[in-house]
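Participant: Protein chains in written order, with this note's numbering: chain A, 72 to 280; chain B, 72 to 280; chain C, 72 to 280.
Rather than coming from a laboratory, the hints here were simulated on the basis of the structure.
Predicted model only: the values in this text are computed from it and were never measured.
Please note: incorrect hints may appear among the correct ones.
Copies of the same chain are indistinguishable here, so a pair counts whether it falls within one copy or spans any two.
[Stated by the list, open to error] No more than 25 Å apart at the CA atoms, straight line, and that leaves these computed lysine-lysine pairs for BS3-like:
{"#": "1", "residue 1": "LYS266", "residue 2": "LYS100"}
{"#": "2", "residue 1": "LYS134", "residue 2": "LYS158"}
{"#": "3", "residue 1": "LYS181", "residue 2": "LYS134"}
{"#": "4", "residue 1": "LYS158", "residue 2": "LYS266"}
{"#": "5", "residue 1": "LYS181", "residue 2": "LYS100"}
{"#": "6", "residue 1": "LYS266", "residue 2": "LYS181"}
{"#": "7", "residue 1": "LYS134", "residue 2": "LYS100"}
{"#": "8", "residue 1": "LYS181", "residue 2": "LYS158"}
{"#": "9", "residue 1": "LYS266", "residue 2": "LYS134"}
{"#": "10", "residue 1": "LYS134", "residue 2": "LYS161"}
{"#": "11", "residue 1": "LYS161", "residue 2": "LYS181"}
{"#": "12", "residue 1": "LYS158", "residue 2": "LYS100"}
{"#": "13", "residue 1": "LYS161", "residue 2": "LYS100"}
{"#": "14", "residue 1": "LYS161", "residue 2": "LYS266"}
Listed below, chain by chain, are the residues.
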Amino acid sequence: MDMQYITILDILGTIVFAISGTMTALNNKFDLFGSLVIAFVTALGGGMLRDVLLGDAPVLWVKNPEYLLYVFTGYLLVLLFNPFILKLRKTLFLFDTIGIAIFTILGLEKTLELGFHPVIALTMGVISAVFGGVIRDLLTNIVPLIFRKEIYATACLTGGLCYLILENFNFNHDINIIATVVLIIIIRILAVRYKWSLTLIHQTIDYKL
Amino acid sequence: MDMQYITILDILGTIVFAISGTMTALNNKFDLFGSLVIAFVTALGGGMLRDVLLGDAPVLWVKNPEYLLYVFTGYLLVLLFNPFILKLRKTLFLFDTIGIAIFTILGLEKTLELGFHPVIALTMGVISAVFGGVIRDLLTNIVPLIFRKEIYATACLTGGLCYLILENFNFNHDINIIATVVLIIIIRILAVRYKWSLTLIHQTIDYKL
Amino acid sequence: MDMQYITILDILGTIVFAISGTMTALNNKFDLFGSLVIAFVTALGGGMLRDVLLGDAPVLWVKNPEYLLYVFTGYLLVLLFNPFILKLRKTLFLFDTIGIAIFTILGLEKTLELGFHPVIALTMGVISAVFGGVIRDLLTNIVPLIFRKEIYATACLTGGLCYLILENFNFNHDINIIATVVLIIIIRILAVRYKWSLTLIHQTIDYKL
């Protein structure tokens, strides 16, 4: 796939994550500055953590300040067109899902290029995609949603696994990316639609080390 | 300005932040060790995060262990002179404000010296100044105050912007630093005095991506 | 001591921490993926933070992917043998205590080998041992237990101090390690047995900077 497609999707994903972060923050009555910080960590937190753990510092947005601009764009869009954005709920859900798919692939490819083990690449793909949301939830003092609700990270994990297998068989790189993105989108839509979950039958363990 | 002034203010800022951390921890009934940890992250957390994101590791206090001594000094001061420190409330507020001003400038200058974009330097200035407090609030399980209350980070942001503009016009470096510190102090005092806030009129958005 | 002993204890410690993380997560009704994440951060979080702060990136598990396998082993053990593991409570407590002792020594030695000050090494030993648990508690939205309950981190601190002093007198390295591990275990067992704590007599400070 033309790298430009990936870049455009990366920018779109960053903006959508910033939108999601700003909305969560305003829902929690954060002030204008606080909401900007939450937009920032939601959009860039996963990639930041990935880069730090890989030792690829300075992290992405420090090397490419234009990412701050994408975050600010998402933030402004919420402030200016809030009621309108609410009507775009389904469109945003789709972009968000494309976002995690793209972030998974970008994290995976970066880690492989740096020469690490595929299992590490898979882990970094998931971290890139979901830890922005985890940090957002931490800062707004709620238990991170991805740990409790719906198939979210699992979609990234499955997509990443699919990507690794396809690459292993030397299929066309563009087709692998498209297949991975489509797989992640399908899993997530089905999971939300049919309320799939990974919860165990409730156990009343009361164990503390 | 003589670098020694900056160093002394940096040390004072670190001690005051350690005092603020220890008091928050004791307020939350943390034990003696827990309070020391909170003193440590409050005083050094912002600088740590900045160094990690910039790829300037090992972080400051690892390279300069004397910072641990400054933290311990602030911690001991609270344990030994607790009731007396309470009477110094206004003095501490002033030191705290000088602290965030100094931390903003130190973060900004370090980032510029490493050759990064001014916008990155501004961001790192704010991170240096406020993220110690954010981590303190996270560990004591409250929603970070800076996201909801008063103009705090915004004072750092405005001061940092002022510094960048003054530097751009090639004014005297010492005067730029003094002007920035004074501006941050004035903004914060006025904000607390007149209860400035950046809160939007409350919106009943109920949106989840 | 033969390095192999240390390696085996390190692996055992990692598995036990993963068990502790998985149990905490299931207790909090996390789903299967969320529990795996909590197992991962509990077992590897302290070492990760240590490596990032020391500038020794990529972090340990990225360089040695087999650590992910140890985490997965602990995770699976809980899922498969949950009721049985509950009966092993005392054994697990012992392993957990051996785990923090080993992690303290490993963090300490690594930092000294990199040429840092002994005080930094002591700090990194404690961070290696206890911050996995701190991150686990943060993600499950409870105030980190180590800050409030029992002598836990203090045992690591005392053990680490003992190790530094013994090394300073050039005693046999193996004996130093054994003495440190035994000291940490004894302190922790006594602390739990006799409910030692470091809490100050409750003070009604109501101070906010």
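Participant: Each hint needs a verdict: does it hold in this structure or not?
Facilitator: Each hint tested on the structure:
In this homomeric assembly, LYS266 and LYS100 come within 25 Å of each other (Cα to Cα) only across copies, at 17 Å, whereas the closest approach inside a single copy is 29 Å. Within a single copy, LYS134 and LYS158 get their C-alpha atoms no closer than 35 Å, and across copies no closer than 46 Å, so neither meets the 25 Å cut-off. Proximity of LYS181 to LYS134 under the C-alpha cut-off of 25 Å is found in both arrangements, the shortest distances being 15 Å within a copy and 15 Å between copies. For the identical chains of this complex, LYS158 and LYS266 are intra-copy neighbours only, at 23 Å inside a copy versus 35 Å across copies, given an alpha-carbon limit of 25 Å.
When the C-alpha separation of LYS181 and LYS100 is checked against a cutoff of 25 Å, the pair qualifies neither within a copy, at 37 Å, nor between copies, at 34 Å. When the C-alpha separation of LYS266 and LYS181 is checked against a cutoff of 25 Å, the pair qualifies neither within a copy, at 32 Å, nor between copies, at 47 Å. Taking the shortest Cα distances, LYS134 and LYS100 never come within 25 Å of each other, neither inside one copy (32 Å) nor across copies (40 Å). In this assembly of identical chains, the alpha carbons of LYS181 and LYS158 never lie at most 25 Å apart, being 35 Å within a copy and 44 Å across copies at closest.
In this assembly of identical chains, LYS266 and LYS134 lie within 25 Å of each other by CA distance neither inside one copy nor across copies; the values are 40 Å within and 37 Å between. For the homomeric pair LYS134 and LYS161, neither the shortest alpha-carbon distance inside one copy (33 Å) nor that between copies (41 Å) is at most 25 Å. Taking the shortest Cα distances, LYS161 and LYS181 never come within 25 Å of each other, neither inside one copy (30 Å) nor across copies (44 Å). Taking the shortest Cα distances, LYS158 and LYS100 sit within 25 Å of each other inside one copy (21 Å), while across copies they are farther apart (33 Å).
For the identical chains of this complex, LYS161 and LYS100 are intra-copy neighbours only, at 24 Å inside a copy versus 29 Å across copies, given an alpha-carbon limit of 25 Å. For the identical chains of this complex, LYS161 and LYS266 are intra-copy neighbours only, at 17 Å inside a copy versus 39 Å across copies, given an alpha-carbon limit of 25 Å.
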